[in-house]
Structure formats: C-alpha cells, structure tokens
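Undergrad: As you go down the protein sequences, you meet chains B and L in turn.
Each residue of the first sequence is one higher than the last, beginning at 1 in the numbering used here.
Each residue of the second sequence is one higher than the last, beginning at 1 in the numbering used here.
Since the hints were derived computationally from the structure, they do not count as laboratory data.
Where is the CB? At the ideal position from N, CA and C, for every residue including glycine.
Incorrect hints may appear among the rest.
Derived DEER-like restraints, expressed as beta-carbon distance ranges [claimed, not checked]:
{"hint": "1", "chain 1": "B", "residue 1": "GLU12", "chain 2": "L", "residue 2": "GLY267", "range": "47 to 57 Å"}
{"hint": "2", "chain 1": "B", "residue 1": "GLU12", "chain 2": "L", "residue 2": "GLU12", "range": "58 to 68 Å"}
{"hint": "3", "chain 1": "L", "residue 1": "GLU177", "chain 2": "B", "residue 2": "ARG254", "range": "48 to 58 Å"}
{"hint": "4", "chain 1": "L", "residue 1": "GLY267", "chain 2": "B", "residue 2": "ARG254", "range": "44 to 54 Å"}
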Amino acid sequence: MSDVVKVISITEEAYDTKTFEFQWDEKASPGQFIMVWVPGMEEIPMSLSKTNRIKSITVKKIGKDTERLHGLGLGDSIRIRGPYGNGFDLKKNKNMLIIGGGVGTAAVIPVIKETGADTIIGARTDKDVIMDDVAGQYAKNLWIATDDGSRGFHGNVVQLMREKIQEKRYDTVLACGPEIMQYYLYKACVELGTDCQLSLERHMKCGAGVCGCCVMDEMRVCRDGPVFTKEQISRMKDFGTSKRDEAGRIIKIR
Amino acid sequence: MLETSVGKLRLERPGMVASGIMDETGQSMIRMLSSGAGAVVTKSIGSRPNPGHPNPTFTELKGGYINAMGLPNPGIELFGEEMAVAVKSGNIIGSIYGSSPEEFSTLAGKMEEYGAAAVELNLSCPHAKGYGIELGTDPAIVKAVVSAVKSSVSIPVWTKLTPNTHLIKNLASAVQEAGGDAVVAINTVKAMVISPQFGKPILSNKFGGLSGPAIRSIGVRAVFDIRTAVDIPIVGVGGISDWKDAAQYMMAGASAFQIGSAIGTKGIEVFENINRDLERFMKDYGYGSISDMVGVAHE
C-alpha cells in the first residue's frame with residue numbers, strides 16, 4: 001500500500017515537465033493515481049504515466065511541491081502510497097478516441113498503450129506538447145492541437161474532437177486535462193451523443209476515500225473516481241462550476 | 001429490531017458515521033444517511049475557517065490509519081449551508097471544537113439553530129494545538145465546558161472522550177455531573193509513524209491519531225469502564241468494521257456505535273452489511289432488541 005521507491009530514470013518531456021520512473025510491484029490500472037511525498041514538500045496526488053512493474057509519474061512544475069520533485073535525481077527516494085481510485089474502463093467500448101490536454105496527457109498514455117486507439121494531444125503551444133513520441137508509437141492515429149497553432153490543428157482539443165467524431169463516429173471519448181477543457185468536451189459529447197469517461201481532480205488529503213474533502217457533489221474523486229462515467233458526471237453540479245479549498249469552502253471556477 | 005436510542009434521541013439504526021469521515025459537505029452526509037447509517041456526525045466545526053495541517057495528513061499502516069488532519073473545516077457560519085442541505089434527510093449530529101466554554105456554547109447554539117439533532121463536543125482530538133485533548137484530559141475543564149453548553153442549548157449534548165488518559169472514568173463522571181446527555185468513546189489514540197528511509201516523521205504534524213482495528217480493544221475496554229462509572233448513555237466508537245465489533249461495544253455498555261475508518265477499508269456498504277449481520281446474529285442468539293444487548297458483559 002505504501003512504499004519508498006528509488007528513481008531509476010528521468011526524462012525531460014518539455015521545458016517544465018519531467019517523468020520519473022521507479023520500480024513498484026503493486027498492480028495498477030490506467031487512470032489510477034498515487035500519493036507522492038518526499039520531505040520538504042506537501043504530499044500530492046499524481047496520475048501514473050506508466051502502470052506496469054516499472055511505473056512513472058510525470059510532473060509539470062507549477063508550484064513549490066512540484067519544484068521539489070523536479071529537484072530529484074537518479075537514485076533518490078520517493079514515498080508513494082496507493083494505487084487509488086477507479087481507472088478507465090477499457091472493456092466497454094471498442095471504437096475509442098483518447099484525449100489528453102496539457103500535463104493531463106500523462107494520465108492517458110497507459111490507455112493509449114493498452115488500446116492503440118486514435119488519440120488527440122492538446123497544449124497551449126508546440127513547446128508545451130508532451131509525450132507525443134510515445135503516443136505516436138502506440139496510437140493508430142495521433143493528432144496534435146495547439147491553442148496558438150504553432151503545431152498541428154490551430155485550436156483546442158474540443159474543436160478538433162468535434163471534427164474527428166463527425167468524420168469517424170467514435171463510440172466513446174476517454175480524456176484527462178484541465179477541468180475547463182473537460183467541461184466543454186463533456187458538453188460536446190452530450191450534443192453529439194457520444195459516450196465519455198473523464199479523469200477529474202480536486203484537492204486531496206487522505207486519497208483513500210475516508211476524509212471526504214475531495215468530493216464533487218457526493219462523489220469522492222479519490223475513491224469513486226478519479227475517472228467518472230458520462231452518467232455520473234451528468235449528476236454533478238460541481239463539475240465545471242466549483243471546487244472546495246483545504247477548509248472545505250466553495251470556490252467558483254467558472 | 002435495530003432501533004435504539006441515545007437518551008432522548010431515537011435512531012432507526014444503531015450505527016452512525018463518526019466525525020471526520022465523509023461529513024464536510026451536505027451532499028456527502030445525505031449519501032451516508034442513505035447508505036444505512038442511523039445518523040451522521042459532522043466534521044468538527046470551529047468558529048473560523050481552518051485549512052488544517054499541510055499534507056501528509058494521513059497514511060495507512062498495519063491495523064488501521066493514522067491521521068493528523070488538524071480539524072479542517074469551513075467555519076460555523078459557512079457550515080450552515082451544508083447543514084441546511086443535510087438535516088432534511090435525517091439525523092445530523094453537529095460536532096464542534098473550541099478553546100473555551102463560551103466558544104463551545106456559541107458553536108452549539110449555531111448547530112441547534114441549523115437543525116442538528118444533538119451536538120458532540122470534540123474534547124478529544126489528539127492533533128490540534130489548543131483544542132481537543134488539551135482541554136479534554138482535565139475533568140474540571142470537561143465539566144465546565146459541558147455545563148456551559150447544557151445551559152445554552154436544548155438539544156442533547158454528547159461529549160467525545162479521549163483514550164489518551166488513565167482518567168477516562170473521571171472524565172465520564174464529569175460529563176454526567178455537568179448534566180451531559182451522553183458520552184462518546186473513544187477518539188483516536190495519539191500515535192506517530194516514522195519513515196526509516198527518510199529518518200523523519202511522515203505526518204507534517206509529527207503526531208496523529210491512530211484509528212481502525214488496532215484500537216478496537218482499547219475502545220471496548222474504555223466503554224466497559226465508563227459503564228461502571230456513569231448511568232448516562234454511551235456511544236461506542238473505535239475500530240468497528242463488522243457486526244462482531246459492534247456487538248462487543250454494545251455488550252460493554254454502548255447504546256449505539258459510530259464507524260470511521262471502516263468506511264475507507266470496507267466501503268460505504270459497511271453500514272448495510274453490519275445492519276444485516278447484526279440482525280441475523282440477534283435472531284440467532286435471542287436478542288429481541290439492541291437494548292437487550294447493551295451492557296450484558298457486565299452481568
């Protein structure tokens with residue numbers, strides 16, 4: 001359940017993003033996450049970007065905790081616990097479209113590897129695109145979208161997704177990325193009648209379904225999610241509209 | 001068959017959600033009520049919003065969990081909105097923490113106004129400076145707090161006690177002398193966990209509270225002892241995850257019980273499972289009601 005592992009490889013994915021590999025025998029499925037800690041930082045949840053015996057986390061430097069992780073070198077120790085939550089359900093549908101937005105791309109890499117399904121990766125600019133090399137090795141088709149048009153489709157992943165769904169009639173979309181992206185992605189799926197599974201995020205403390213601080217409506221992101229079905233999301237008033245801070249206060253996000 | 005009461009408060013089912021578990025928002029409390037719990041005790045609420053301690057605040061260990069959440073809560077004013085959502089669906093017990101009798105009284109008054117079925121005074125949290133255990137191990141302070149709250153509200157006043165003392169019977173007697181309506185025992189056991197690889201405590205607060213199966217026998221003993229000291233009802237809590245654990249607490253003297261950690265280890269189905277299995281046991285062994293079981297281990 002909890003372990004201290006050593007970093008066995010570090011890959012620079014972009015100017016602000018690194019992948020840290022470690023060996024951990026615990027069984028994990030695509031979409032599950034772990035809680036990560038080293039002394040000098042707050043423990044944070046991270047999706048697994050590799051889910052076999054060799055596992056990895058992909059860390060974008062966004063604050064002091066992720067900066068602390070970026071300071072790790074080969075052979076350094078990390079305390080991890082988990083894996084937690086429900087990952088993506090890969091049995092239900094055959095014709096899938098996988099979408100990763102920003103650092104959320106890391107969480108869908110194991111899904112691409114397992115299914116080989118068509119994939120869209122989105123980012124703000126060309127230099128923010130991550131893991132397109134590994135995605136390209138496994139995905140049947142890979143499309144890139146950038147907000148500024150510096151690479152691939154000029155626009156966001158939801159616009160590109162609409163085009164692709166109309167062209168190829170996917171049964172379901174599997175996605176991870178910023179909530180605002182997933183909010184519009186969900187609305188597009190409702191409109192187009194396409195199923196979806198989305199990996200969501202909230203401030204977490206226990207990670208194990210106990211404390212209840214990561215709830216969206218009555219659903220615990222850590223235990224009932226982090227991957228939710230379209231039907232579950234349809235009943236969440238908090239999705240795309242509000243989140244809670246460490247004290248449990250409501251903060252509007254849109 | 002599973003109905004019970006804690007003093008004036010009647011419960012259709014004897015299991016409640018313990019404070020701190022799935023009880024920070026109105027909707028999560030409703031979900032727990034519909035999962036087979038007879039009542040939900042809220043997260044402990046203070047006068048002002050509190051982010052709690054920084055992570056790591058929690059980890060699994062052999063036999064249970066250790067946590068030092070540090071009483072995170074949105075504060076009593078904002079919590080009114082969560083209560084308004086939850087109280088329509090069933091019994092909500094308002095857990096509160098303060099640093100003085102006056103602060104407890106004010107918070108209890110708010111909880112009564114919000115529609116709480118009872119208040120539970122947190123005089124036992126082992127990981128928040130200036131609160132909980134720091135007041136709750138002194139019988140004189142316990143008596144002063146309970147008296148003050150009793151004189152300011154008309155809903156039942158329960159007091160949750162700490163096992164981190166050799167005076168638990170004296171603490172329970174202080175509650176009874178002050179007119180308290182029930183004793184809840186036990187809160188978590190003060191504990192710590194060190195990472196050998198890092199040579200450092202894992203919790204940011206260094207110390208935390210141990211919960212889960214590891215503390216069940218400590219709780220059962222505490223309830224048994226308290227039963228010999230007071231006549232007011234007892235609510236048993238600490239490491240309950242199946243019907244046998246629950247039955248032990250009631251046979252030691254508890255009229256009802258609370259579940260915390262097992263909601264994590266067994267899932268929210270733990271209430272339905274215990275309700276079903278307890279009823280089966282009671283029929284098999286000739287207990288017609290929960291009250292028939294309460295305290296039988298003393299006879």
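Undergrad: Which constraints among the numbered hints does this structure fail? Numbers only, ascending.
TA: 1, 4
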